[in-house]
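*Asks:* Sequence:
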Amino acid sequence: MADDMSWTRSRSAQEPVEIDTSVPSIARVYDAILGGKDNYPVDQEIAEQVARAFPDGGEGARTNRRLLVRAVRHMARQGIDQFLDIGSGLPTAQNTHQVAQEVNPEAKVVYVDNDPIVLAHGRALLEDDDRTVVVTADIREPDVLLGHPDVTGMLDPDRPVGLILNAVVHHLLDEEDPDGLVETYKKWLGPGGYLLLTHFCSSTPEALGLESVLRQALGRGQLRSMARIAAFFEGLEMVEPGVVYLPYWQPDEPVKAPLDIAGLLVAGGMGRKPGR
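Position 40 of the sequence shown, counting from 1, maps to 50 under the numbering used here, and the rest follow consecutively.
A portion of the hints provided could be inaccurate.
[Unchecked claim] Pairwise CB distance ranges (calculated):
no.	residue 1	residue 2	range
1	Pro201	Pro115	34 to 40 Å
2	Gln88	Glu193	35 to 41 Å
3	Ala134	Pro268	41 to 47 Å
4	Asp160	Gly89	31 to 37 Å
5	Met236	Gly190	17 to 23 Å
6	Ala241	Pro268	36 to 42 Å
7	Thr162	Pro284	43 to 49 Å
[To be verified] As a list, the in silico EDC-like pairs of lysine to aspartate or glutamate whose alpha-carbon atoms are at most 20 Å apart:
no.	residue 1	residue 2
8	Lys197	Asp153
9	Lys196	Glu112
10	Lys196	Asp91
11	Lys196	Glu186
12	Lys197	Glu221
13	Lys197	Glu244
14	Lys196	Glu151
15	Lys197	Glu216
16	Lys197	Glu247
17	Lys196	Glu244
18	Lys197	Asp148
19	Lys197	Asp168
20	Lys197	Asp187
21	Lys47	Glu58
Hints were generated in silico from the structure; no laboratory data involved.
Positions of the beta carbon are idealized from the N, C-alpha and C atoms, including for glycine.
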């Protein structure tokens with residue numbers, strides 16, 4: 011995440027998107043780890059460093075993506091028909107809007123990422139979908155993000171919203187006040203809204219090695235304990251089974267135990283804001 015936030019301003023649909031291919035991008039590094047094609051040599055180099063430090067073949071990233079699908083489907087089945095997906099990354103199989111709209115074709119989705127390449131790809135993917143938009147903004151500026159005209163025009167925070175912070179908060183350093191930022195977004199949620207949050211967990215030596223690569227290569231990446239991750243949900247009613255390693259969160263099939271390093275990499279859960 012660059013410190014210069016000027017490029018997070020709203021763009022018209024016609025305005026070209028400027029992409030700096032000499033600087034690594036979190037979204038593009040994830041894409042490279044997942045075997046995607048929307049990345050550049052600078053991103054591939056970091057993906058290779060990650061693979062050496064955390065040799066799971068990208069399964070941790072895929073596990074996190076499968077959790078997103080299960081969680082969005084759960085929210086949609088509970089009647090949630092509007093979603094704010096912050097730190098959404100580049101499009102891949104079964105995106106949030108596709109999962110939600112399988113349950114409810116009228117569901118609305120706003121994707122947010124601070125990498126302008128996500129906006130460029132989103133325009134192409136969503137050209138014929140007027141119920142889904144992509145916004146370029148940064149999680150660290152909630153007033154800017156939540157006040158963006160595409161957010162305010164698409165979502166009604168007085169009605170329940172599914173807020174998705176999937177694998178994004180671990181890119182916030184402690185000095186950036188991740189607890190305060192998450193609390194700001196929770197306050198924005200209306201009664202009956204949900205928070206989905208997943209986060210790299212510091213439970214294995216391999217995971218700590220991954221943190222070192224992220225900090226050195228990208229300047230950000232902070233693993234936290236299961237207790238710290240659980241604290242992000244304070245004040246919410248937890249959806250079963252609570253905060254767990256992702257393979258254990260409402261799995262579609264039996265989970266093989268013990269979990270390998272990929273299964274222990276990410277923890278998270280879902281909470282519902284009381285009052286409705």
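*Asks:* Against this structure, judge whether each hint is valid.
*Replies:* Cross-check of the supplied hints:
no. : hint                        : result
1   : Pro201 x Pro115: 34 to 40 Å : violated (25 Å)
2   : Gln88 x Glu193: 35 to 41 Å  : violated (23 Å)
3   : Ala134 x Pro268: 41 to 47 Å : holds (42 Å)
4   : Asp160 x Gly89: 31 to 37 Å  : violated (23 Å)
5   : Met236 x Gly190: 17 to 23 Å : holds (21 Å)
6   : Ala241 x Pro268: 36 to 42 Å : violated (26 Å)
7   : Thr162 x Pro284: 43 to 49 Å : violated (25 Å)
8   : Lys197 x Asp153             : holds (12 Å)
9   : Lys196 x Glu112             : violated (26 Å)
10  : Lys196 x Asp91              : holds (18 Å)
11  : Lys196 x Glu186             : holds (17 Å)
12  : Lys197 x Glu221             : violated (29 Å)
13  : Lys197 x Glu244             : holds (12 Å)
14  : Lys196 x Glu151             : holds (14 Å)
15  : Lys197 x Glu216             : violated (35 Å)
16  : Lys197 x Glu247             : holds (14 Å)
17  : Lys196 x Glu244             : holds (10 Å)
18  : Lys197 x Asp148             : holds (18 Å)
19  : Lys197 x Asp168             : holds (11 Å)
20  : Lys197 x Asp187             : holds (16 Å)
21  : Lys47 x Glu58               : holds (15 Å)
In the structure shown, a violation is registered for the earlier hints numbered 1, 2, 4, 6, 7, 9, 12 and 15, in ascending order.
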